Amino acid sequence: MVSSEQDDGFARVARAVAARACALTGADGVIIGITDGPVVRFRFGVGVFEDSDFEGSLLVPPARALLEGRGMQGGADEAVSPGVRAEIERLGVRSVISAPVMTAQRRCAVMTAVRVGDVAFDHRELRALTDLARLAGDAIESAWALRSAYGWLTLESAPIGMAVSALDGTFLEVNHAFASCLGWEPQELVGRSFHSITHGDDVGASQRLLDQAIDDGSTAFRIEQRCCRPDGTVVWAVLSVTVVRSPAGEPQQLISQVVDVTDRVRAERLLAHRARHDRLTGLLNRAGFTDVVEAATTTARRSGTTLAVLFLNLDRFKVVNESIGHEGGDAVLREVARRLRLAVGSSDTVARFAADAFAILCEDVKDQENARWLASHLLTALHQPVVVADREIRAAASVGVAVGGASRPVSAAVLLREADAACSLAKVRGGSTIAMFDEALRDRAHERLDVEAALLHAVRRHELRLLYQPEVELRTGRLTGFEALLRWEHPTLGLLAPEGFIQVAEESGLVVEMGHWVLEAAAEQMGAWRRRWPSLSEVSMGVNVAARQLADPRFPAYVASACALVGPGKPLCLEVTETELLASATAAQAVLARLRRSGVRVALDDLGTGYSSLAYVAGLEADVLKVDRSFTAGLGRRASHAAVVAAIVSLGHSLGHSVVAEGVETAEQARLLAELGCDMAQGYLCGRPADAGELVPLLEQAAAGSPVFSF
426 MVSSEQDDGF
436 ARVARAVAAR
446 ACALTGADGV
456 IIGITDGPVV
466 RFRFGVGVFE
476 DSDFEGSLLV
486 PPARALLEGR
496 GMQGGADEAV
506 SPGVRAEIER
516 LGVRSVISAP
526 VMTAQRRCAV
536 MTAVRVGDVA
546 FDHRELRALT
556 DLARLAGDAI
566 ESAWALRSAY
576 GWLTLESAPI
586 GMAVSALDGT
596 FLEVNHAFAS
606 CLGWEPQELV
616 GRSFHSITHG
626 DDVGASQRLL
636 DQAIDDGSTA
646 FRIEQRCCRP
656 DGTVVWAVLS
666 VTVVRSPAGE
676 PQQLISQVVD
686 VTDRVRAERL
696 LAHRARHDRL
706 TGLLNRAGFT
716 DVVEAATTTA
726 RRSGTTLAVL
736 FLNLDRFKVV
746 NESIGHEGGD
756 AVLREVARRL
766 RLAVGSSDTV
776 ARFAADAFAI
786 LCEDVKDQEN
796 ARWLASHLLT
806 ALHQPVVVAD
816 REIRAAASVG
826 VAVGGASRPV
836 SAAVLLREAD
846 AACSLAKVRG
856 GSTIAMFDEA
866 LRDRAHERLD
876 VEAALLHAVR
886 RHELRLLYQP
896 EVELRTGRLT
906 GFEALLRWEH
916 PTLGLLAPEG
926 FIQVAEESGL
936 VVEMGHWVLE
946 AAAEQMGAWR
956 RRWPSLSEVS
966 MGVNVAARQL
976 ADPRFPAYVA
986 SACALVGPGK
996 PLCLEVTETE
1006 LLASATAAQA
1016 VLARLRRSGV
1026 RVALDDLGTG
1036 YSSLAYVAGL
1046 EADVLKVDRS
1056 FTAGLGRRAS
1066 HAAVVAAIVS
1076 LGHSLGHSVV
1086 AEGVETAEQA
1096 RLLAELGCDM
1106 AQGYLCGRPA
1116 DAGELVPLLE
1126 QAAAGSPVFS
1136 F
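Be aware that the sequence shown starts at 426, since it is given in the numbering used here, and climbs by one per residue.
Hints were generated in silico from the structure; no laboratory data involved. Note that the structure is predicted; figures quoted are calculated from it, not measured. Think of the CB as a built atom: it goes at the ideal place given N, C-alpha and C, for glycine as much as any other residue. Each hint should be verified, as a subset may be incorrect.
[What the hints assert, rightly or not] Ranges between beta-carbon positions, derived for each pair:
#1 Glu514 with Gly674: 25 to 31 Å
#2 Thr595 with Ala441: 30 to 36 Å
#3 Lys743 with Arg559: 56 to 62 Å
#4 Arg867 with Leu705: 29 to 35 Å
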C-alpha cells in the first residue's frame, strides 16, 4: 500500500476505480499496481487487499498475454512464484483475473481481481475488468508527472511533453519533449508565464478553463490552442492540464502535457477549404456560395440595402469540350473565372456553381437596372475570345438576375432558384443575353412546380394514355407500323400533348418512370393486336426514348420485358432524337448497339434539326431515319428542303436504313417524297393519332392485306 504522505488525490481516484472493479466483477478484492517495467512500485487495493501485506513486486502475473496487452484469467493453481503462491493460500484465493492499464504510450499499471469462493470468474467479468482498466489509463498517465510524491518516474523521462507550473501559469520545470514541441529550450521556459507563449487570441479561453477547473474542484481540463515559437511561427497544440491538489483539496500545482497537432489542424483546414471551394478555379463552390448569400441576405435586411444574385451559364460549352478537349475546356473555365473576378467589385463574390455555370453575389446594388448593368458588364468582360492551344474560343454566356434585400426579403435558396430560372429563360431566348426574374417568370415557375407535383401522381392515378399514329409505305399504301404518342389526361386542364409537360418531366427526372410506363403500355397493346391479327406480325411499334432513359442502368431490362410482351420478331422500334443521342453519344450508342444485337430496331428521329452533319449521323446506331416535319412542310416551296430530304434518303439507303418522313399532310408532299425515294410516311394525311379502339377498322383492313393509304 502507499504511505500516508503519498495518499493524495490520485490515490483516492485509484481506490475508487478499484472499488468500481469490485462491483462490476463481483470480486472479493481488487488491487491496482503501478508499474515501472516489470516491477510494481505502488499499489492501491480494496476488499481482501485493504490491509494485506501482499508484496507489490509480485503483483504482475507472469502470463505472456498480459505483457502483450491482453487480459489474463486463471485459477488458484495458476503457475506462479512461491511468494505469490503463499499469499494466495493465506488469503484463500480460488480465482484470479488481471488486465493491463494502458496509456497511449505503454502499459503503466496492472489491475487484478480475486475471488476466495468456489465460483470462478467468467469471460464477461474479465471483459468488464479490461474495459475499466482501459478507462483508468489517463488517470495513471497523469500520476507519472507526480514524481515528487512517488519518485519512480522523473519528469525528463516522460514519453510526452510535460511541464510543472505554478497556479498562475509560471513554468517551474519543463522536460525536453515539452520545450522541443513548442520550439524552445527547457531553460528558456522556466520562470516564463505560460500565457507569454500563448497566441493572444487564445489567452482568454485558456484562462477561463483554468479558473473554472480551480474554482469547481476539477482535477483536469483539456484545450486546443495556438502556441508561439521564438521565431514567431505558430504551433497548434492540445494541452491536457492536471490540477494537483492537497489531501484537503486545495490546488497546489499544474501538470501540463502537450501534443503538437499542427499537421492535423492544417489538414482539417485544407479539407474545410476544399469543401467550400472549387479546385479548378479556386472560386467558392455551390455550398460555400450559398452560405455567403445566406449571410448577405440577413445583412441586407438589417441594413436596408439591396443585393443581386447573377447566374451565368456558358453557351454551348459542350461544343468547346468536344472541339478542344476537356483540358482545353478547363483552361477556358479558369480564364472565365479570372475575368469575372476582375470585373466585379471588391465586396462582390464570384463562385463556380456547376460545371459551366458561375454565380455572382453583388451586394449593395441600387435597383434592378443597376443589377442589369452589372450583368451586361460581365458579358462585356467575356467578349474577347479566349486563346487555347492557338485557337480562339468565344466564351459566350447567358445571365439570369434575381434581386432581393430589405425591400424583398427572400432566402438565399429562393434567390439562387430565381437567378437560375432567369438564366434558363435567357438561354431559351438564344443565349448571349440577360433575363431578369420578374412576376411573370415567377408565375411560370410556380406553374412548373404545379405541373411537376401533378406529374408525380399521373402514372399512379392512370392519367397517362397513349394515342397511336400509323406509318404507311408510300409505294404500296400498306400499313408498316405505329408511333406511340403520349398524352396526359390532366384532371383540370384536359388532354395535354407532350409540349405541355415533357420538358418538366425531363428536367425533374420523371421522364424515366413515365418512359417505362409508355414502353410497357405500347408493347402490351402491340402484343394484343398481334394475337388478334397474326397477319400483322411485320407491323412495328415505335416508342420515343429520352436520353435519361438510355442512361438508366435498368433500361435494357425494361426493353427485354417489353419485347416479351410484344412477341417474336422485331416489332419494337426505339425512337431517339438526333439531339438526344448526341447529348450523350458514347454512352447512348453503347446501349443502343447492345439492344440492336438483342433484336430491337432503332429509329433516329427529327433528323436535320440538330447540329450534327449527315456524315456524323452515318456513324450512329440506327435502322430507320425519320425526316423532321419541318423539312416535309417545305417540300414544293423550298428547294433547299427537297435537297435535305434527298440527301437523307440517299444516306439512309446507302447505309441499308429505311427512311420515314414525318408531318405529311398533303397529297403533293406524299407525291414528292415518293419521287425522292422516301420509303414511308407519317402524318395527318396517313392517319391522325387515335386510341386503340378507334384503330380497329384500320387494323381489320390491314390484316386483310388491303392498302390503308393512297394519294
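Results for each hint:
1. In this structure, Glu514 and Gly674 break the distance hint of 25 to 31 Å, their C-beta atoms being roughly 41 Å apart.
2. In this structure the hint that Thr595 and Ala441 lie 30 to 36 Å apart at CB holds, the actual value being about 32 Å.
3. At roughly 58 Å, the beta-carbon separation of Lys743 and Arg559 lies within the given 56 to 62 Å, and the hint holds.
4. Look at Arg867 against Leu705: about 33 Å separates their beta carbons, and that is inside 29 to 35 Å.
In terms of the numbered hints stated before, the structure departs from hint 1 and from no other.
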